[in-house]
Each structure stands twice: as structure tokens, then as C-alpha cells.
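*Asks:* Counting from 1, one number per residue, gives the positions in the sequence shown under full-length UniProt numbering.
Quick caveat, the hints were computed from the structure, so don't treat them as lab data. You can trust all of the hints, since none of them are fake.
Restraint-style ranges between C-beta atoms, simulated for each label pair:
id, residue 1, residue 2, range
1, Gln-235, Glu-450, 37 to 45 Å
2, Pro-46, Arg-419, 23 to 31 Å
3, Ile-269, Ile-90, 27 to 35 Å
4, Asp-400, Leu-446, 21 to 29 Å
5, Leu-473, Glu-450, 30 to 38 Å
6, Ile-269, Glu-131, 27 to 35 Å
7, Gly-356, Gln-438, 39 to 47 Å
8, Leu-256, Gly-389, 48 to 56 Å
Cβ coordinates follow ideal geometry from the N, Cα and C atoms, glycine included.
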Amino acid sequence: MTGPEPMTHSGELYASHTIGEPQGPQKDRRIRWQNGVITAVEDAGPVAAGVPRTLVIPALANAHDHVRPLPMSSFGTAFLPLEAWLPRTILATPPDAYKAALASLARAALSGCGAVMVHYTRPSGKLDPVEEACEVARAARDVGVRIAFAPAIRDRNPLVYGDDTELLAKLPASTAALLRETFCRPPLSPERLIEATEQIAEAIQGPMVDVQFGPAGVQWCSDELLQAIAQRSAQTGRRVHMHLLETPYQRRWADLTFPQGIISYLKHIGLLSPRLTLAHCVHARAHELAMIADAGCRIVTNSGSNLHLRSGLGPVADARRRGCNVAIGVDGQAFDEDDDMIREIRLANALHGGTGFAENWSRQDFLRQSVAHGRQAIGSPGTGSIAAGEPADFLALDYDRLDRDRIMEVEPVDLFFARANARHVLQVIVAGKTIVAQGRLPGMDLDSLENELRSSYRQSVRRFETLRRDWPLIETALAEWNQAYIGCC
Numbered sequence: 001m002t003g004p005e006p007m008t009h010s011g012e013l014y015a016s017h018t019i020g021e022p023q024g025p026q027k028d029r030r031i032r033w034q035n036g037v038i039t040a041v042e043d044a045g046p047v048a049a050g051v052p053r054t055l056v057i058p059a060l061a062n063a064h065d066h067v068r069p070l071p072m073s074s075f076g077t078a079f080l081p082l083e084a085w086l087p088r089t090i091l092a093t094p095p096d097a098y099k100a101a102l103a104s105l106a107r108a109a110l111s112g113c114g115a116v117m118v119h120y121t122r123p124s125g126k127l128d129p130v131e132e133a134c135e136v137a138r139a140a141r142d143v144g145v146r147i148a149f150a151p152a153i154r155d156r157n158p159l160v161y162g163d164d165t166e167l168l169a170k171l172p173a174s175t176a177a178l179l180r181e182t183f184c185r186p187p188l189s190p191e192r193l194i195e196a197t198e199q200i201a202e203a204i205q206g207p208m209v210d211v212q213f214g215p216a217g218v219q220w221c222s223d224e225l226l227q228a229i230a231q232r233s234a235q236t237g238r239r240v241h242m243h244l245l246e247t248p249y250q251r252r253w254a255d256l257t258f259p260q261g262i263i264s265y266l267k268h269i270g271l272l273s274p275r276l277t278l279a280h281c282v283h284a285r286a287h288e289l290a291m292i293a294d295a296g297c298r299i300v301t302n303s304g305s306n307l308h309l310r311s312g313l314g315p316v317a318d319a320r321r322r323g324c325n326v327a328i329g330v331d332g333q334a335f336d337e338d339d340d341m342i343r344e345i346r347l348a349n350a351l352h353g354g355t356g357f358a359e360n361w362s363r364q365d366f367l368r369q370s371v372a373h374g375r376q377a378i379g380s381p382g383t384g385s386i387a388a389g390e391p392a393d394f395l396a397l398d399y400d401r402l403d404r405d406r407i408m409e410v411e412p413v414d415l416f417f418a419r420a421n422a423r424h425v426l427q428v429i430v431a432g433k434t435i436v437a438q439g440r441l442p443g444m445d446l447d448s449l450e451n452e453l454r455s456s457y458r459q460s461v462r463r464f465e466t467l468r469r470d471w472p473l474i475e476t477a478l479a480e481w482n483q484a485y486i487g488c489c
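Model the full structure from these sequences, guided by the hints.
*Replies:* Next up, the structure:
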């Protein structure tokens with residue numbers, strides 16, 4: 001069984017300005033499309049006075065996300081490092097898989113995304129994996145975005161990067177038992193984990209959905225599991241999406257576990273290939289970036305998430321200099337916890353674009369390439385360029401609001417990177433279908449949906465009352481273990 005064919009539409013759109021055409025920024029353009037494909041991008045000719053100005057750019061590609069239904073800091077995660085943040089997020093277990101994904105994907109669309117990578121790490125626990133994936137795919141279909149779906153699979157290190165005996169021994173017996181019961185259940189075999197992903201692919205793979213293998217990270221997957229994924233990916237061509245070197249503690253684990261180098265290990269087992277996308281790589285070293293570039297893998301940087309979780313900034317400029325294909329992700333943890341992909345692109349550029357008069361890239365190229373590499377990571381067709389023959393995936397921003405002062409002619413790309421955000425989005429078109437119109441999702445009341453989720457969570461968090469009560473002890477134990485592990489005192 002495959003997913004349904006996408007709804008495709010025909011139409012045309014006037015743009016006072018464009019960013020994303022192969023020949024560079026243009027003015028007064030008319031974009032035409034049929035059956036979901038751009039057929040012409042041409043001069044619009046004379047335009048009547050008073051016509052609203054719009055800036056049309058490629059639909060954005062969120063290349064790493066987890067479709068989190070509500071902001072994680074509402075569950076007490078604010079500024080926790082990943083190693084404590086992850087267990088705390090169990091409080092945010094989705095009460096309803098469809099509604100949770102619908103809210104997240106709706107916010108993505110409203111911020112200009114036409115495609116989203118869903119690395120599904122926190123299932124509801126109420127459905128079997130195939131049913132849960134079908135609900136997420138249904139949400140994507142109802143919003144109208146393209147998605148990749150990678151069910152996160154793991155089979156080791158549920159609490160810390162190694163033996164958790166010492167960690168548990170420091171806790172009261174009841175708290176240690178709670179952690180074992182909550183996080184340390186026996187994993188499925190590698191064969192079963194891979195089989196589950198392929199069953200999901202049979203159910204939802206289609207023109208708008210790409211199912212990928214989703215190993216959670218090298219530190220969470222056994223050698224047997226990673227080798228099996230590498231082999232199956234090579235056999236089938238299925239893409240792989242995985243976290244790598246996100247935190248300093250993961251860097252320490254990698255150095256201790258792989259004296260030959262973690263990237264050399266991935267190359268040795270056959271996982272390093274153009275099919276692989278690596279999220280974060282905050283603590284990757286120069287020679288590792290060179291190997292990633294040589295293999296044709298992609299790196300997804302997640303600036304807001306890296307800042308919230310205090311993971312570090314990452315060598316984004318160096319990665320690009322060495323030839324890495326770099327995409328941008330929200331990671332379910334945007335800087336303002338609003339899933340605003342536009343702001344995340346601006347944040348990445350501001351952090352890594354250069355110092356003083358030295359610029360690491362042109363902002364126009366940074367936008368275009370982040371979309372192109374993001375689409376590759378998600379498995380979406382085309383490059384995202386606004387050009388004939390490309391998929392009709394683009395968004396229109398209110399340029400009258402963006403250029404609110406209108407004092408003099410200013411380059412649109414400068415205004416975009418200086419001040420644009422989701423509030424400027426007027427229209428989003430994906431596969432030729434308008435999914436956002438006048439800044440709203442037709443037929444969807446996102447405010448009501450989010451209020452419904454809030455109400456459900458106020459009930460569901462009661463299940464974790466003991467975990468919440470014991471959390472100060474747990475957080476302290478995790479901090480002590482990780483600080484000792486990395487050599488901090």
C-alpha cells in the first residue's frame with residue numbers, strides 16, 4: 001500500500017520581488033504552474049498602482065524536527081542540557097498522535113515550510129508503530145506539507161552513555177526503580193526495528209511522504225543495529241536520518257568508544273553515504289567535516305535548539321567551507337519556541353555568517369542552499385528554485401509589512417534576514433496547492449487545537465507525578481554522572 005497521490009493545482013501568482021530564481025533576485029515577476037509544477041517565471045509587465053507588494057521565495061525545508069505539540073519549556077525543560085532534557089520530555093508524551101503532529105505541522109506551514117523532516121522520537125504509546133505513523137501522515141496530508149518520517153530506533157544507553165549502575169546506586173531505591181521501569185525496558189532486536197520501519201513505509205510512503213531509517217544516534221544504537229541499517233539502506237536506497245555529536249558528553253563518548261574516530265567507524269560500516277543526514281554535528285572536528293563532505297552526507301544545524309540546550313554553536317561555517325551540504329532544522333525547539341522556521345534561518349546566518357567585514361557567504365546563497373539541502377534530507381523532489389520545471393513549492397511574504405518604513409530602495413534579502421518572521425507569511429503553496437492563505441490555514445483553528453492539547457496535557461502529566469516529585473534528585477544524579485564522565489568537577 002502506498003500513500004495517496006498529492007492534490008495538485010494550477011494557478012499563477014504575482015510577485016513584486018523574488019529571491020530564489022537561478023539568475024538572482026528579480027522584480028515584478030509572474031509565476032505560473034500546472035499540476036504542481038512551475039511552468040513559467042516571467043516578467044509581469046506593467047503593474048497597476050496600489051497592488052500589494054509581495055516577496056516570493058522558495059518554500060522552506062525544516063530538515064530536522066520531532067513534531068513536538070507544545071513548547072517543551074512548559075514541561076519544565078528550560079535550559080536543561082540534552083542529557084537531562086531528554087528524560088524530562090517524557091512529560092510531553094503526546095496525548096493524541098494526530099492532534100500533536102497536526103499542531104506542529106500547522107505551525108511549520110504558517111512559518112513558510114513546505115517540507116518537514118519528522119524524526120519521530122516520542123510516540124504516544126497508545127497505538128502500534130504503523131498506526132501511529134499513519135496518524136502523523138494524515139496530519140501532514142491535512143496541513144498539506146511534504147514530510148519525511150523516520151521512526152527513531154535505539155537499543156542501548158537509555159539513561160547515560162554507558163553503564164548506569166553507578167547513577168542508579170546514588171538514588172533512593174524507589175527512584176532508581178522508577179527510572180528502570182520508565183526508561184530501561186528491553187529493546188527490540190535490530191531485525192525487528194528495521195522490519196517496523198519497512199512496515200511503516202509500506203503503509204505511508206508516497207509522493208508527499210518519504211520514510212527513512214531513523215537511528216537515534218550512534219551512542220544509542222548497538223554496532224549490530226547500525227550495521228544492519230547500513231546494509232539495508234545500501235540494498236534498498238532508503239535514506240537514513242541520525243543525530244551525531246550534539247553535545248560535549250557525546251563527543252567524549254565517541255572518543256572513548258572509537259579510537260579510530262567515529263566518522264571513520266561510520267564509513268567502515270557503510271553508513272557514510274549520500275543517503276545519510278546528520279543532525280547537529282556541533283562537536284565535529286575539521287577532519288571529520290572533510291570526511292562527511294567527501295561522502296556527500298548532509299549536516300543539519302539547529303541553532304535555536306543548540307542554544308536552548310546549551311549544546312554549543314557548531315562549526316557551520318567551517319563545514320560549508322569544507323564542502324558539507326548544510327541544511328537548517330527547528331528540532332522542535334525554535335529559539336522563541338514557536339516553530340518559526342524563518343527566524344531559525346536568520347538565527348543560523350547571524351551566528352555563523354561572519355564577523356566584521358568578513359562574510360562567510362552571501363545571504364541569498366545561504367537561503368537557497370539551505371532549502372536545496374533541506375529538500376535532499378527530506379527526500380522532496382527538486383531543488384526549491386523558482387524556475388520552470390521545479391515543483392510549485394514557494395511562499396509569499398507581505399513585503400509592504402516587511403519594508404514597513406519604505407524610506408528608500410533596500411535589497412529584499414537584507415530585509416528578510418534583518419526582520420522577517422512567520423507573521424509576514426501571506427501564502428504558502430506546496431505541490432501547486434495553497435495551504436496557507438492570508439496568513440491562515442484554511443479550515444483549521446490552530447488556537448482551538450492548541451488549547452485542546454493543553455487541556456489534555458494538564459490531565460496526562462498527572463501520570464508522572466512521582467517522576468516530577470523525584471526530579472531534583474534525578475537531575476542532580478545525571479549532572480554528577482555526566483560531569484564526572486567528561487572530566488568536569
